[in-house]
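A.B. asks: Hints are included, so try docking the two chains, each in its own frame, into the full complex.
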Amino acid sequence: MTRKAAIVGGNRIPFARSNKKYARASNQDMLTATIDGLVARYGLAGEQLGEVVAGAVLKHARDFNLTRESVLGSQLSPSTPAYDVQQACGTGLEAAVLVANKIALGQIESGIAGGTDTTSDAPLAVNDDLRHVLIALNNAKTLPDRLKLLGKIRPGQLVPDQPRNVEPRTGLSMGEHAAQTAKVWEVSRESQDELAVASHHNLAAAYDRGFFDDLVTPFLGLTRDDNLRPDSTVEKLATLKPVFGEGEGATMTAANSTPLTDGASAVLLASDEWAAEHQLPVLAHLVDAQTAAVDYVHGGEGLLMAPAYAMPVMLARNGLTLQDFDLYEIHEAFASTVLSTMKAWEDPAFCKEKLGLDAPLGSIDRSKLNVNGSSLAAGHPFAATGGRIVASLAKALHELGPGKRGLISICAAGGQGVVAILES
Amino acid sequence: MGTPVVLSSAPAMGPLFAKAALTARGRGGALPDTHLARVAVAVDPARVADYAEVCRFRFGDTLPPTFPHVLTFPLQVALMADRSFPLALPGLVHVRNRVDVVRPVGVSEKLDLEVWASDLRPHRSGATVDLVASVRSRGDEVWRGRSTYLARGASAPEGEPTDLDVTIGDVAQAAVWRVPDDAGRRYAKVSGDVNPIHLSGLTAKAFGFERAIAHGMWVKARALAALSGRLPSSFSVDVAFKKPLFLPSTATLSTAARDGGWDLAVRNQKSGQDHVLGRIRPL
Chain F
1 MTRKAAIVGG NRIPFARSNK KYARASNQDM LTATIDGLVA RYGLAGEQLG EVVAGAVLKH
61 ARDFNLTRES VLGSQLSPST PAYDVQQACG TGLEAAVLVA NKIALGQIES GIAGGTDTTS
121 DAPLAVNDDL RHVLIALNNA KTLPDRLKLL GKIRPGQLVP DQPRNVEPRT GLSMGEHAAQ
181 TAKVWEVSRE SQDELAVASH HNLAAAYDRG FFDDLVTPFL GLTRDDNLRP DSTVEKLATL
241 KPVFGEGEGA TMTAANSTPL TDGASAVLLA SDEWAAEHQL PVLAHLVDAQ TAAVDYVHGG
301 EGLLMAPAYA MPVMLARNGL TLQDFDLYEI HEAFASTVLS TMKAWEDPAF CKEKLGLDAP
361 LGSIDRSKLN VNGSSLAAGH PFAATGGRIV ASLAKALHEL GPGKRGLISI CAAGGQGVVA
421 ILES
Chain R
1 MGTPVVLSSA PAMGPLFAKA ALTARGRGGA LPDTHLARVA VAVDPARVAD YAEVCRFRFG
61 DTLPPTFPHV LTFPLQVALM ADRSFPLALP GLVHVRNRVD VVRPVGVSEK LDLEVWASDL
121 RPHRSGATVD LVASVRSRGD EVWRGRSTYL ARGASAPEGE PTDLDVTIGD VAQAAVWRVP
181 DDAGRRYAKV SGDVNPIHLS GLTAKAFGFE RAIAHGMWVK ARALAALSGR LPSSFSVDVA
241 FKKPLFLPST ATLSTAARDG GWDLAVRNQK SGQDHVLGRI RPL
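Chains as they are written, first to last, in our numbering: chain F, 1 to 424; chain R, 1 to 283.
Every clue listed holds true.
Label pairs and their in silico Cβ distance ranges:
no., chain 1, residue 1, chain 2, residue 2, range
1, R, Ala174, F, Val184, 52 to 62 Å
2, R, Ser9, F, Asp129, 47 to 57 Å
3, R, Ser108, F, Gly210, 14 to 24 Å
4, R, Gln269, F, Gly43, 38 to 48 Å
5, F, Gly151, R, Ser233, 52 to 62 Å
For the record, the hints were derived by calculation from the structure and aren't laboratory data.
Glycine included, every Cβ here is placed at the ideal spot set by N, Cα and C.
Next up, chain R with everything else stripped away, as it sits in the complex (with noise of 0.2 Å):
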C-alpha cells in the first residue's frame, strides 16, 4: 500500500457523484492502491444529535454504532469517483455491511479515518469490490467498516466470489416500522448520502428504480436503535441487503438473541420479502 492521501475537509458528496456519473464510461482495470485518510476529525455534536433522531438512537455521550459510516463515506465516495477507480459508480448496489465497533466511541473524541478498497471478485452478474473503513481514536482502531458493492456486468480478475449471504437461525416479529416518502430524504440529509435512487420516484427512474429507495445503511441503523441498551459493549454487526426497501412501505422487524448478540430481519409487510438480514455478535 501507498502512503495515505490526507484530506483536510470531507470532500462535497454531490459533486463527487457527479464527477462519477460523467466519468463513469470506460472504466476498468485493477484496484487502485490508494489509501485516503483524514486526521483528529471533531465530531459536530449537532450532526449527530440530527442523525440520532432520523435513526432513532438516543442521543448522548456516545456515537451511534452505526455513525461513523457517514464519517467515511465521503471518503468511499471520493475513492469511488476517482478515475483510478475500475468500476462506474452509478449503479453500484450496497450489497452486504459489516461494522465492528471494537469499543463505544465517544462524541468528543477527535477521529483517524482511513478508508481503502479491496477484494474486487468475480460474481455472477458482475464483480464485487469491499470498500473498508478503519477509525482510530489515539492510535487504537475503535471502529471497522467494510461494505460490499455489486457492479452489475462489471468485470473482475479470476478469483474466488465473495460470500454475499449472512444467514440467520429463526426470528420473531419484533416491531412494525411505517417508512414514509420522505425517508431516503430525511437520511440523505443527515448522512451526506445523496444518491438520487434515495431521493425521489422521479430521480430513482432516472437510474431504473420505480421508486425511491430507502438507505441500506438506514435500515441497518434503525434495527441497531432497536436494540438500544441490549447490545454488547464491543460487537460486529453483519447484515446483508437484499431486497431495496421502496418508499413508502410498511416493513417488520423481526429479532432473536443469539450466541451473546442478536439474529435480524427487516421485512416487508405484505410480501414478506426479505430487506435486510443480519447478525450482531460480540466481538
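With the rest of the complex left out, here is chain F (with noise of 0.2 Å):
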C-alpha cells in the first residue's frame, strides 16, 4: 500500500534573532511552545498521533530524547511515540519526509514533523583534556590516585569548547564555503542584494495580508520575525561591508546572510482519511523527496550545492522538468547559495558532465520563487527552518487551487541536501 501524505497545516513562532526575545527558551522550551501552539489550531488536545519527529542540530546532551520530552510536556497524548532526527539544515525537512514515507505506508495515520534551535541557549562542551581527566578522576579508585588526576587540571582546560559554526573536516565557516562557490559561479553582489531585498519584501507583505494568521503563534512578545525588515533596499544593502571572502571579489554581507537565529517550528501530516475523519482540511500531499550529499572535503564541490545534484533524479522519477512547477521554495542559507544553484542548474557543462544530463535543468521563474519570503528575511534557526518552509508552501499552493505544484531545495551543512515536491 502506497499513498500520499496529507499536509494538514503547520506552526511555528516567530523566529528571533540569536541572543534577543528567546535568550532564555530552550530547544524544549520552543518545540513544547509550537507543538502546543499546533495542537491548539488542530483541536488535538489529548489525541494520540502516529509519531512526533523532530530534531535540533545545536543539542544539549541532556537533551538525548527531545522531541520525546516535548511531546510528553505537550498537550498531545502521552502515548504519542517520538524521535529525534539531524541532518543539520535539511532537518525540518527530512522529518517531515520520514512522517509523509510511514503514513504513504500505511504504517501511521498522523504524525508531526518538526525541528527547533537556538544559538542563544547553545551547549558548551567540556573541553577534550578536562573530560578525559574527569572520566578518569571518576574512574580513580584510591584518594592519592585522585588527587594526582586532579594535580593535572590546568587552567585552560576550563575553558569551555564552544561550538562554531564550521565543518569540522575543512575548519571553514558556512560563509567561507558558501563565498567560495559564489566566487566559482560568479555571482555578483547587486544580484544578491536583490534576491535578499525581495525576500523582506515578500515576507513583509505575507505578514501585512495575513498569511502566516494561521501558520505563526506569537511567542515571548515577537509576534513577527524579528530579523525582518520590510524597509530593506538594494541601496541600503550596498553600503554593507563584506563579511565572508576576501579581497576585491567578496559579495557576501550580513544582510545576504542568514543571522544565527532562535526558533521551532511544526507540521501536521495524516492520512486523508484521518484528515477528514477529523474534520481538518488537506492543503497539499507530499509527493515525492531526495537528498544527495557532494564531497566538498576532497571532491572539489561547493560545501553547499547538494540540493543541485538531488533534484534531476527526483525530477526524473516523477516524469516532471524544472520549469514544471507553480511556486518554488530554494532555502537562503545565503543568497549566493540559492543564486549559485540556479546558475548550476542553468549551466550546459555543469549539468552535463556533474548531473550526467543531455540538456541543462534550465531556468526559474524569478516571480515564482519565496513568494512569501524565506530565511534572508524570517532568519533560519536550523531544524525549524524545514517546517517553516514546507507549511507554508503547502498553504500557498492550496491558495493556487488544487492540482498545483511546489519544489523545495534545502542545502545542509556536511556538504548535503534535501529536495521534495509538494502538490496541492
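C.D. replies: Structure, rendered in C-alpha cells:
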C-alpha cells in the first residue's frame, strides 16, 4: 500500500535573532510551545498521533530525547511516540519526509514533523582534555590516584568548547564555503542584495495580508520574525561591508547571509482518511523527496551544492521538468547559495559533466521563487527551517487551487541537500 | 475592609524579615483589615525563566501556575512584618496552600495584586491565619492564593479551627527527586523568600531546625511542573505541608488521576514520611 501523505497545516513561533527575545528559551521550551500551538489550532488536545519526529542541530547532551520530552510536556496524548532526527539544516524537511513515508506505507495515520534550534541557549562542552581527566577521576579507586588526577587540571582546560558554525573537516565556516562557491559561479553582489531585499519585501507583504495568521503563534512578545526589515532597499544593502570571502571579489554581507536565529516549527501530516475523520483540511500532499551529498572536502564541489544533484534524480523519477512547478522554495542560507544553485541548473557544462544530463535543467521563473519570503528575512533556526517552508508552501499551493505543484530545495552542512515536491 | 494601600514597587524582603524579627515580641490582638496592593505589575520574562528553571517548568508564554505566588509573597510579608499584625513572623509555619488558576495567565499581562489576612483561628497548639492573594488582569480575577500559617503558642479568638488537612486517595510513585543541599538557596533567589530556615544549616539551626528545609512552595511547584501538559486549563491545587523536607534528601512524587484532576504526594524516600499531600481539581 502506498498513498500520498497530506499536509494538514503547520505552526511555528516567530523566529528571533540570537540572544534577543528567546535568549532564555531552550529547544525544549520552543518545541513544546510550537507543538502546543499546533495542538490548539487543530484541536488535538489529548490526541494520540502516529508519531512526532523532530530535531535540533545544536543540542544539549541532556536533550538526547528532545522530541519525546517535548511531547510529554505538551497537550498531546503521552502515548504518542516520538524520535529525534538530525540532518543539519535539512532536519526539518527530512523529518517531514520520514513522517510522510510512514503515512504513505500505512504504518501511521498521522504525525507531526518539526524542528527547533537555539544559538542563544547553545550547549557548551567541557574541554576534551578536562573531560578525559574527569572521566579518569570518576574511575579512580583511591584518594592518592584522585589527587594525582586533580593535579593534572590546568586553568586552560577550564575554558569550555564553544559550538562553532564550522565544518569539522575543513575548518571553514559555512559562509566561507559559500563565498568560494559564489566566486566559482560569479554571483554578483547586486544579484545577492536584490534577492535579500525581495525576501524581506515578500515576507513583510505576506505578514501584512495575514498569510501567516494560521501559520505562526506569537511567543515571548514576538508576533513577527524580528530579523524582518520591510523597508530594506538595494541601496541600503549596498553600503554594507562583506563579511565572508576576501579582497575585491568578496560579495557576501550580513544582509545577504542569514543571521543566527532561535525558533521552532511543526507540520501536521496525515492520511486523507484521518484528515477527513477529524474534519481537517488538506492543503497539499507530499509527493516525493530526494537527498544527495557532495564531496566538498576533496571532490571540488561546493559545500552547499548538494540540492543541485538531488533535483534531477527526483524530477526524472516523477517525469517532471524544473519548469513544471507553480512555486519554488529554495532555502536562502545565503543569497549566493540560491543563485549558485540556479546558475548550476542553467549551465550546460555542469548539467552534463556533474549531473550527467543531456540538456541543462534550465531556469526558474523568478516571480515564482520564495514568494512569501524565505530565510534571509525570516531568519534560519537550522532545524526549524524545513517545517517553516513545508507549511508555508502547502498553504500557498492551496491558495492557488487544486493540482498546483511546489518544489523545495534545502542545503545542509556536511555537503548534503534535501529536495521535495508538494502538490495541492 | 479599608481602601487598599497601593505600593509602587515590591517591598524588599531582607529588611522586612529583619524588621519582623526585631518587632516579634509583644504581638497580639485582632487581624488588621489592611489590604496591600500593587497595580499594573509587569512580569520580567527573565525572572519567569529563572523561576521555571529552578522549579522545572517549561518557559513560555504562560506563567507557571504557582508563579503569581512569588509576585504576591512580598506583600504578604509586608503585611505580616507590620506591627499591626498579631502574630510574630519568625516561627510562622506554612501549613497549607491553595492556588486557584482561574485561567492561564500570559507572561506579558499587566497584573493587579491584592493581599490581605483573614481567618485568625485557634489551633490545638496555637493559632492559624490565612494570607489571601488575588490577582486580576484587566479587572477580571485570574488567580487566587490562600496560604495558611501556624503560629505555635499564639492565641486566637474563639472559633472553628481551620482545617489543615488535605485528604488524598491511593497514589502511585511517579518520580524520584534527588534534592540537593542548595535547593533552598536556589529557590530563595528566584522567589525572594529569603527566610533563613531555607538558606543553610547554620541559619536554620538558629531557628530551631536541625538542617535547612526546602520551601514548601518549591515542592508544590515542582510537583505541578511534573504534571505539565496534563493539567486542566482552569484548576485549583490545594496542598497540605506535612513534615519538613530537610536538605539534602531524596523524595518521591506519587500521583493518581482523579476526578478530572490529580491527587499527589511528595514523601521521603527512606522513611515514607509525607512532605506534601495535594489535590488538583478542575475549577
